[in-house]
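Sequence order for the protein chains is A and B. For the first sequence, numbering that gives the first Met the number 0 begins at 0 and goes up steadily by one. For the second sequence, numbering that gives the first Met the number 0 begins at 0 and goes up steadily by one.
It is possible that part of the hints are untrue.
No copy is singled out in the list; a pair is fine if it fits within one copy or between any two copies.
[What the hints assert, rightly or not] Listed next, the in silico DMTMM-like pairs over lysine to aspartate or glutamate satisfying Cα-Cα at most 25 Å (straight line):
(1) LYS182 with ASP287
(2) LYS182 with ASP280
(3) LYS279 with GLU55
(4) LYS182 with ASP276
In case anyone wonders, no lab produced these hints; they're calculated from the structure. Everything numeric in this text was worked out from a predicted model, so none of it was measured.
Listed here are the chains, written in short residue letters.
There are 2 protein chains.
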Amino acid sequence: MSDKHIAVAGATGVVGRQMLKVLEERDFPIASIKLLASERSKGVKLPFKGESLEVEVLGEDSFKGVDIALFSAGGGTSKHYAPHAARAGCVVVDNSSAWRMDPEVPLVVPEVNPDAIQDHKGIIANPNCSTIQMVVVLKPIHDAARIQRVVVSTYQAVSGAGSAALNEMDAQTRSVLDGDPPKCTIFPVPIAFNCIPQIPHQNAFESNGYSTEELKMVNETKKIIGDASIRVTATTVRVPVHTGHSESVNIETQNKLTAAEARALLEKAPGVVIKDDPEKDVFPTALDAAGNHDTWVGRIREDISHPSALDMWIVSDNLLKGAAWNAVQIAELL
Amino acid sequence: MSDKHIAVAGATGVVGRQMLKVLEERDFPIASIKLLASERSKGVKLPFKGESLEVEVLGEDSFKGVDIALFSAGGGTSKHYAPHAARAGCVVVDNSSAWRMDPEVPLVVPEVNPDAIQDHKGIIANPNCSTIQMVVVLKPIHDAARIQRVVVSTYQAVSGAGSAALNEMDAQTRSVLDGDPPKCTIFPVPIAFNCIPQIPHQNAFESNGYSTEELKMVNETKKIIGDASIRVTATTVRVPVHTGHSESVNIETQNKLTAAEARALLEKAPGVVIKDDPEKDVFPTALDAAGNHDTWVGRIREDISHPSALDMWIVSDNLLKGAAWNAVQIAELL
Numbered sequence: 000m001s002d003k004h005i006a007v008a009g010a011t012g013v014v015g016r017q018m019l020k021v022l023e024e025r026d027f028p029i030a031s032i033k034l035l036a037s038e039r040s041k042g043v044k045l046p047f048k049g050e051s052l053e054v055e056v057l058g059e060d061s062f063k064g065v066d067i068a069l070f071s072a073g074g075g076t077s078k079h080y081a082p083h084a085a086r087a088g089c090v091v092v093d094n095s096s097a098w099r100m101d102p103e104v105p106l107v108v109p110e111v112n113p114d115a116i117q118d119h120k121g122i123i124a125n126p127n128c129s130t131i132q133m134v135v136v137l138k139p140i141h142d143a144a145r146i147q148r149v150v151v152s153t154y155q156a157v158s159g160a161g162s163a164a165l166n167e168m169d170a171q172t173r174s175v176l177d178g179d180p181p182k183c184t185i186f187p188v189p190i191a192f193n194c195i196p197q198i199p200h201q202n203a204f205e206s207n208g209y210s211t212e213e214l215k216m217v218n219e220t221k222k223i224i225g226d227a228s229i230r231v232t233a234t235t236v237r238v239p240v241h242t243g244h245s246e247s248v249n250i251e252t253q254n255k256l257t258a259a260e261a262r263a264l265l266e267k268a269p270g271v272v273i274k275d276d277p278e279k280d281v282f283p284t285a286l287d288a289a290g291n292h293d294t295w296v297g298r299i300r301e302d303i304s305h306p307s308a309l310d311m312w313i314v315s316d317n318l319l320k321g322a323a324w325n326a327v328q329i330a331e332l333l
Numbered sequence: 000m001s002d003k004h005i006a007v008a009g010a011t012g013v014v015g016r017q018m019l020k021v022l023e024e025r026d027f028p029i030a031s032i033k034l035l036a037s038e039r040s041k042g043v044k045l046p047f048k049g050e051s052l053e054v055e056v057l058g059e060d061s062f063k064g065v066d067i068a069l070f071s072a073g074g075g076t077s078k079h080y081a082p083h084a085a086r087a088g089c090v091v092v093d094n095s096s097a098w099r100m101d102p103e104v105p106l107v108v109p110e111v112n113p114d115a116i117q118d119h120k121g122i123i124a125n126p127n128c129s130t131i132q133m134v135v136v137l138k139p140i141h142d143a144a145r146i147q148r149v150v151v152s153t154y155q156a157v158s159g160a161g162s163a164a165l166n167e168m169d170a171q172t173r174s175v176l177d178g179d180p181p182k183c184t185i186f187p188v189p190i191a192f193n194c195i196p197q198i199p200h201q202n203a204f205e206s207n208g209y210s211t212e213e214l215k216m217v218n219e220t221k222k223i224i225g226d227a228s229i230r231v232t233a234t235t236v237r238v239p240v241h242t243g244h245s246e247s248v249n250i251e252t253q254n255k256l257t258a259a260e261a262r263a264l265l266e267k268a269p270g271v272v273i274k275d276d277p278e279k280d281v282f283p284t285a286l287d288a289a290g291n292h293d294t295w296v297g298r299i300r301e302d303i304s305h306p307s308a309l310d311m312w313i314v315s316d317n318l319l320k321g322a323a324w325n326a327v328q329i330a331e332l333l
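Isolated chain A (complex conformation):
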């Protein structure tokens, strides 16, 4: 492909910085790159391929001559600026939740539904981090045995809430170790040495008692796999981990799969790596998976409470496969 003119909107955020890193590592064919952020970050300089690039203020006219814009700038910003970018002839890969459930917008995980990308009208949505790592594992199981229901509980890293949240966790952690009371600004209760069953950290809940993060897992899974009959319930929980989401996933299938059959399917699945020899302490953990592009699966076993269900433990880097890497994969498909 010919070299592309790229923009990264929200370049100074946790995910934006990862996007730059991934573009660099992949040696993405770039003709030019433009870093965009809010007024607050104007003039900030970020390193890219040995140069120091200055961040420009995101505006409606920022996208003239840009081929692909990677957005990770929050839902409100995407809602406003992505249509301007699309009208300027740019293709937006958006990491916010703003466009994901729009029937006109493809929601893409390249290992699962790469063909959906072809229907784009200038905006392609990157799914929620906790959904992406789950669907790359669910897809081959669904193809082989028809998934009927999924019960998932998550163990989500604090980097998913941004860099200020990471700083808050570290500061709280030091306070607790020093015997001082932890201070809360972002989270409603301390996240240091605690688990919080609420994601996002504010205005999370719908009238049915589910959080918006949980409903993302429910609805995005159906859209990405392309089967509205897959039923999902989710409980999403923030845990005191810097990076790497873990998920305990129970999968009921129409046709029974043995653990060995599931393992054989997942061994061939793109983007999935099996780490499953628990007697030898081989299972995925967030600390090990952080920094990797793949989704790691372990603890694969037949559910003793159900005639055809599997339990497993799925771990991935929420900033990479859960965000920046999936977005760059989409850009590569383009």
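Following the hints, complete the assembly by docking chain B onto the known chain A.
This is chain B only, laid out in the frame that chain A set:
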């Protein structure tokens, strides 16, 4: 009741110390108290009601004249010494897993199956910490709507692995914050800023891929509630929390319960406190629940993936309701 002669075996451990604290707080009617531990702890002094009591070495003859012995000294020790204590006329309340599934030994959670205690032959087993907090919530739901299947994922505190594990987590946490590599002695991988899907921390796994902790939840639940038809699958996970286990629990029932009906049932349930107004940041967390005797429940909602199931979040202090407090409750029943 008349004052009792009490022994605490394993008095210097994390749970043993909590047992002393609970006996003190409850003003348990004590004629005498004897602290027992292994040779290693001989001569250690522990405070009790303003006195300083010296720990004696646990032996086969330690139980002469003792009415009730609270054991929290590990499975092997219980297996060996509990029968000696029982033969000496003492009633053992044992916190290890050694006797729990023995058909001759009652497995008791006082809010759930207090009557089972009457069948004891000198040994009564205290259930596994993660099971206790779950069954106090399941019991009223089972009585009202017949539980068919439970899918549970746990978020278990490090104090469940003992005081050396707590020290390891804190040391690892300081290392990570200081940019140094965390050292592992007890856990196979760092627990600081990580989640480990393996409990206990060694020799955990059975041939069906479940850990022994997971199978405790499966089997003890049936025995305590007294219904072998309740199917349970569990994924048990250690998280970087000092004290307080959290559980994400999905409960399928034969008869549908609304969230409001479940809440009404649990409001009347002994030992259960509802903390469930998530829009106002009211949900239980480990940090809040630690130090409390009750089991806290929140995030109660109807499962959108199933015609008659509930999701909820159950939190309790693993050293208190999960161990010391439940044991002292059993002693009070005696």
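Verification of the supplied hints:
no. : hint               : in the structure
1   : LYS182 with ASP287 : between (29 Å within a copy, 15 Å between copies)
2   : LYS182 with ASP280 : between (36 Å within a copy, 16 Å between copies)
3   : LYS279 with GLU55  : neither (51 Å within a copy, 38 Å between copies)
4   : LYS182 with ASP276 : between (40 Å within a copy, 22 Å between copies)
Of the hints listed earlier, the one the structure fails to meet is number 3.
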